[in-house]
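> Single-letter residue listing:
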Amino acid sequence: MAHLCAAKMGRRSWLLAGLALPLLVARAGTMDVAFDGDTLRPVLPDLHFIAGRALERLKDARTVVFLSQITLLRDDHVTPFRHAPQRFYVSYDIWEGRFKVTIPGAVPESRLGLTAAQAEAWCMDNVTVSALGVAPDRDFWMRFDLRTADPKDMAGIVSESGISISGLIEFFSRNPDGEPHWMMERRLRLADLRRTPSRRNW
Amino acid sequence: MKYVCFSLLLVGGLLATGTQDSETNVNSRYTVENVVVSGNGWSTSPAVDRDHKISSGLRKEIAALVGEKLNPARLDDLARRLRKELHARTVEHHVLRGKSPEYVQVVFQVEVPPTRFDASVPKFLYQGEQGWSGAFEGTATVNNNGFTAGLVSDGDELVERYTGVVARYESEPLLDQRARLRFEYASYHELWNSSTVAAAGASQLYRSRDEFQPVLSVQVARPLEVSFGASFESLGQQMPGAQPLAADAFVAGARYRQEMEGSSDQALEADYDLRAGSHALGSDYAYSRHRWGFRYRLTHGKHELVDDGWGGVLLGQAPLFERFVLGNSTSLRGWNKFDLDPLGGNRVVHNTVEYHYGIFQIFCDSGAIWDSGQAAVARASVGAGLRQGIFSLALAFPLRDGRMDPVFMMGMNY
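Taken in sequence, the protein lines are chains R and L.
Sequential numbering of the first sequence, starting at 0, is according to numbering that gives the first Met the number 0.
Sequential numbering of the second sequence, starting at 0, is according to numbering that gives the first Met the number 0.
So that you can see chain R by itself, here it is in the shape it has in the complex (with noise of 0.2 Å):
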């Protein structure tokens, strides 16, 4: 069953997320998991992402970027074994009223002329981690971070060579100073899942 969860925090932390939780409750829902070729994926139909400040940003012709990342852990629930961060890219229209999203590997790179679920359900389906070398029968930890990145934070985790995973780690683990974040979890088997086939690239 999904669940939200904290990481380590501290006890300011702790206060904030009490204060919080009850925001990203209300955002989050619960968090289904595909199967998809090889590729794990969250299934989050109720996460409404471009919305409140974000949106407000975006409709004063800012590019807002959201990064995300899912992690995988063993089944003590502490030791990661693979990490997958990804980051969008969005804008709005001011005239067309339409989103743009730029996600950077996918193919193709950028869509034009979205609504906001179109462009939210594009993002959520570049959020991929590859299955391969899980043991079939092994239960581990799936967890999902989203949160909006500004370009000060950006100058740290993305560089020529792509994003930096020690920059993420310490970006989603760093309070997030007003900003919403999404954190969710599950515990899983790949044997429980339905295995479909792949549906990248649609």
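To be clear, the hints were calculated from the coordinates, so they are not data collected in a lab.
Fair warning: there could be bad hints in the mix.
Cross-link-like lysine-lysine pairs, in silico, DSS-like; alpha carbons within 25 Å at most [what the hints assert, rightly or not]:
| hint | chain 1 | residue 1 | chain 2 | residue 2 |
| --- | --- | --- | --- | --- |
| 1 | L | 301 | L | 59 |
| 2 | R | 58 | L | 98 |
| 3 | L | 59 | L | 98 |
| 4 | L | 301 | L | 98 |
| 5 | R | 58 | L | 52 |
| 6 | L | 59 | L | 83 |
Mind docking chain L on chain R? Use the hints.
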């Protein structure tokens, strides 16, 4: 070394994100139609207006957005610089649809804190002949009303060294942002140079000077501002027990400032000031003091050429603080004002030509100061030094036969 590496990483990261922003933002295909900077009760369009709240350099950069493709990352940078320059609490930028399709308008919304406190040094100077002069002020701004209090000791500007306190109130903009009301109070203790004491009659010197000056300034048209008001001065006499003398005057002024921007920037300023002491105000002095000035500045890259000319006429019987002075840190630099005229003059004409290249400056001052009925003697000086922003350091040489006694000056805002 670690700082170099860190900087490279940071710059690399910023470049990466900057490039991405222009590539990823769907609005970067639209052209900027207009840019507006607006704050609490004011707004300006830097491409059209020459609002002096914003520095020339930043204004030009904002104006350059017009006609270009929208670059949201650039807007973030300009908002940050506006916030710093205007001491604003926040500067948000909003992008709106333009009047024509494919065009957008940019609005920088400036939010200034309702109350803030600034400390400033309006003048700080060491001049080889006159010694130190300086002023220090603190200003509290409450809902756009400015309350200032400060200390000053100035042996440079007038024939007297005046030392004391100043207090000033400047109202929030009135009459649709076109007018401001100002009340200024000052109380000075006076020190006189021995040559002034020797040349003056006993009744001319005063021990203290208290001043109250209400003035209304009105912007008639964008480059032209006029001001009028009154100045009430009480001059405490040297003789113990003597009644103070009143030097009350009507004051009026006009200022014109025009800037022309192109491959070379030009600025033209002209001003006229009148102070008329009148028995109608209860003054013991009846006089009129006229001063007019003209200033032209041409800037091309690092080169800057400035010509600053001014003159004045004083008619009637006026107190010493109204008399003109040459031979200080701004006029006939290198000359000693007490050698030229220990009481100041009632006629003056002066011109300065300055050339700046980067931080280097050279200048040539010429002028004459005399009293009506006397022959005017033209004098000149040259000098060189360094100037960076408000800081300046210079060595000035009076041009005269036989001797060369340079005068050293350094300071800020003089």
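> Each hint should be assessed against the structure and marked as holding or not.
Against the structure, the hints come out as follows:
no.	hint	in the structure
1	301(L) / 59(L)	16 Å, holds
2	58(R) / 98(L)	17 Å, holds
3	59(L) / 98(L)	23 Å, holds
4	301(L) / 98(L)	39 Å, violated
5	58(R) / 52(L)	28 Å, violated
6	59(L) / 83(L)	16 Å, holds
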